[in-house]
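*Asks:* One letter stands for each residue in the lines below.
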Amino acid sequence: MEWEIVIGLEVHVQLATKSKLFSGAGTRFGAPPNTQACAVDLAMPGTLPVPNAEAFRYAAMFGLAMNAEIGRRSVFERKNYFYPDLPKGYQTTQLAEPIVGPGEIEIHLEDNSSRKVRLHHAHLEEDAGKSLHEAVFESGQGMSGIDLNRAGTPLIEIVSEPDMRSAAEAVAYLKKIHSIVTYLGISDGDMSQGSMRCDANVSVRLKGEKELGTRTELKNINSFRFVDKAIKVEAERQIDILEDGGSIVQETRLYDSDKNETRSMRSKEVANDYRYFPCPDLLPVELDENYIETLRSDMPELPDAKAARFREQYRLSAYDADQLTQELATAEFFETVAKQSGEPKLAANWMTGELAALLNREEISIEQSPVSAEHLAGLIARLKDGTISSKIAKQVFEAIADGEGDADTVIEKRGLKQVSDTGAIEKMVDEVIANSAKQVENYRNADESKRPKMMGYFVGQIMKASKGQANPQVINRILKEKLDALL
Amino acid sequence: MAVDAQTVEKLAELARIAISEETVEEVSSRLGDVLQLVDRLQAVNTEGVPPMAHPLDAVQVLRPDEVTEPNRREEFLALAPQSEEGLYLVPKVID
Numbered sequence: 001m002e003w004e005i006v007i008g009l010e011v012h013v014q015l016a017t018k019s020k021l022f023s024g025a026g027t028r029f030g031a032p033p034n035t036q037a038c039a040v041d042l043a044m045p046g047t048l049p050v051p052n053a054e055a056f057r058y059a060a061m062f063g064l065a066m067n068a069e070i071g072r073r074s075v076f077e078r079k080n081y082f083y084p085d086l087p088k089g090y091q092t093t094q095l096a097e098p099i100v101g102p103g104e105i106e107i108h109l110e111d112n113s114s115r116k117v118r119l120h121h122a123h124l125e126e127d128a129g130k131s132l133h134e135a136v137f138e139s140g141q142g143m144s145g146i147d148l149n150r151a152g153t154p155l156i157e158i159v160s161e162p163d164m165r166s167a168a169e170a171v172a173y174l175k176k177i178h179s180i181v182t183y184l185g186i187s188d189g190d191m192s193q194g195s196m197r198c199d200a201n202v203s204v205r206l207k208g209e210k211e212l213g214t215r216t217e218l219k220n221i222n223s224f225r226f227v228d229k230a231i232k233v234e235a236e237r238q239i240d241i242l243e244d245g246g247s248i249v250q251e252t253r254l255y256d257s258d259k260n261e262t263r264s265m266r267s268k269e270v271a272n273d274y275r276y277f278p279c280p281d282l283l284p285v286e287l288d289e290n291y292i293e294t295l296r297s298d299m300p301e302l303p304d305a306k307a308a309r310f311r312e313q314y315r316l317s318a319y320d321a322d323q324l325t326q327e328l329a330t331a332e333f334f335e336t337v338a339k340q341s342g343e344p345k346l347a348a349n350w351m352t353g354e355l356a357a358l359l360n361r362e363e364i365s366i367e368q369s370p371v372s373a374e375h376l377a378g379l380i381a382r383l384k385d386g387t388i389s390s391k392i393a394k395q396v397f398e399a400i401a402d403g404e405g406d407a408d409t410v411i412e413k414r415g416l417k418q419v420s421d422t423g424a425i426e427k428m429v430d431e432v433i434a435n436s437a438k439q440v441e442n443y444r445n446a447d448e449s450k451r452p453k454m455m456g457y458f459v460g461q462i463m464k465a466s467k468g469q470a471n472p473q474v475i476n477r478i479l480k481e482k483l484d485a486l487l
Numbered sequence: 001m002a003v004d005a006q007t008v009e010k011l012a013e014l015a016r017i018a019i020s021e022e023t024v025e026e027v028s029s030r031l032g033d034v035l036q037l038v039d040r041l042q043a044v045n046t047e048g049v050p051p052m053a054h055p056l057d058a059v060q061v062l063r064p065d066e067v068t069e070p071n072r073r074e075e076f077l078a079l080a081p082q083s084e085e086g087l088y089l090v091p092k093v094i095d
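Chains as they are written, first to last, in the UniProt record's numbering: chain A, 1 to 487; chain B, 1 to 95.
Worth flagging that the hints you see were computed from the coordinates, not collected in a lab. Check the hints yourself; a few may be wrong.
Below, a list of computed lysine-lysine pairs in the BS3-like style, where the Cα atoms sit at most 25 Å apart [to be verified]:
#: 1; chain 1: A; residue 1: K116; chain 2: B; residue 2: K92
#: 2; chain 1: B; residue 1: K10; chain 2: A; residue 2: K339
#: 3; chain 1: A; residue 1: K79; chain 2: B; residue 2: K92
#: 4; chain 1: B; residue 1: K10; chain 2: A; residue 2: K210
#: 5; chain 1: A; residue 1: K394; chain 2: A; residue 2: K345
Residues of chain B placed beyond 10 Å of chain A at every Cβ, according to the derived structure [what the hints assert, rightly or not]:
#: 6; residue: A12
#: 7; residue: L37
#: 8; residue: E47
#: 9; residue: G48
#: 10; residue: D65
#: 11; residue: V93
Some chain A residues near chain B, calculated using beta-carbon distances under 7 Å [what the hints assert, rightly or not]:
#: 12; residue: P32
#: 13; residue: G140
#: 14; residue: D147
#: 15; residue: D228
#: 16; residue: V285
#: 17; residue: A434
Ideal placement from N, C-alpha and C gives every residue a C-beta, glycine not left out.
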């Protein structure tokens, strides 16, 4: 039996506003507990929420980036439930009339293919506070601590259609959302700090089947890697159950990254009943045509447009262009290197090769890279003008990464300058030929077609003798002349 | 049309309101009255009438994105039954 996985994602993105969605309390991450929770956030009697204009602007920008309809009128509703980190007893959110309507984005996969994922809608809502269950308190045995700094922070919840068919597609979609929100500057998109969170609706069905299978909702997936793993392990679980003749229970499941398994979250099965109703404290918000058109004309260049421009302007492959435009910081780094060195293709190769490997190894972002765009441009310039060979360039790169200074400093200090001086190279070639009587003999006796390949041995010896610093083109030329003279 | 006792209990649970067994009957009949009123409203033909989000015919005023609230943590914490290390303490709830 061949199974098909069907995935829809709900992504929560914290908006980077200075103040909360409905109050003038701050939103700075890492502030001491409860220092950014005001009377409105605490649901003190007599308080009245007033929406933050910037949150609407950010949400509308996101909608425009998703090619979605922007709700000219949006309405807040109350979603009622009780939890200690939700002081009001309801979350103010949107349901029937959200700020962002249906839309569509294109995701790019590793095999260079791409596909469309439809957006169901995106709505504005407030975040809840944080419960600290693990902490131990002197004055309260077995109690939980509540920090309401996060309560009321604006979120957009982005709901996709069930259009993804593999964990890889889900990750590509999430990365695309991440690119878009960071390009727009409406969120820092930091999953490790909870600025971006993801729930996945996963079901399976036999290939060719039209009806969707029963889905489960996976919570608590807080990294790109875990999205991939959680979906895979949950799909396997569902397939095992169905192949054994069982059926799937529609439920919320928690992904446990330590054990790489999902488990049921509900201890007692009381169906959720949120009793939504329009919030009487808030009037409908209206955005006029003018406002939306102004936003549209002020939109920054987005990842897809930038990738298209990189292909056109710098003649990059589709793959390189995608890689280099996923993150705004990477794209800006690339453009600096490309412009300063005048070698966009080399810049792309170094960034997707050595630099990507370095960042991966050190587990740092490009903003923290010890090799700056200026460093890399300088290195490429020396490669281009023949001062160093590409092999030596890798050594220089590592030295720059270790903080030894820029390319010129490293080349100077370590004496890595490429030898192009024909006299010196001629001497090395002579020595190697003199010490390789057997190889020279073989070369002479070999068929002409095999000779170019046999030169590799000599080149290797000469390179070794020069500590990799001899110019390979010069070696090749001189070597060929000398060997051919012996024929 | 009274609401059955089971529904009353479920609503009480959702709203976290304690309703004693003696009062279930009374609450049930009063909720029934409310539902009767709703039934009358539902009988009105609303075809072509958009749902009303608010009784006032006005739109929401938005505020600029500025931090205007000072830190008043100590005052607020003092109102809570229990607090420690800047946190409100509550009975442990894990679902």
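*Asks:* Does each hint fit the structure? Answer for all of them.
*Replies:* Evaluated hints:
| no. | hint | in the structure |
| --- | --- | --- |
| 1 | A/K116 <-> B/K92 | violated, 44 Å |
| 2 | B/K10 <-> A/K339 | violated, 67 Å |
| 3 | A/K79 <-> B/K92 | holds, 23 Å |
| 4 | B/K10 <-> A/K210 | violated, 37 Å |
| 5 | A/K394 <-> A/K345 | holds, 16 Å |
| 6 | A12 | holds, 12 Å |
| 7 | L37 | holds, 16 Å |
| 8 | E47 | holds, 18 Å |
| 9 | G48 | holds, 17 Å |
| 10 | D65 | violated, 4 Å |
| 11 | V93 | violated, 6 Å |
| 12 | P32 | holds, 6 Å |
| 13 | G140 | holds, 4 Å |
| 14 | D147 | holds, 6 Å |
| 15 | D228 | violated, 27 Å |
| 16 | V285 | holds, 5 Å |
| 17 | A434 | violated, 78 Å |
Hints 1, 2, 4, 10, 11, 15 and 17 from the list above are not met by this structure, while the remaining hints are.
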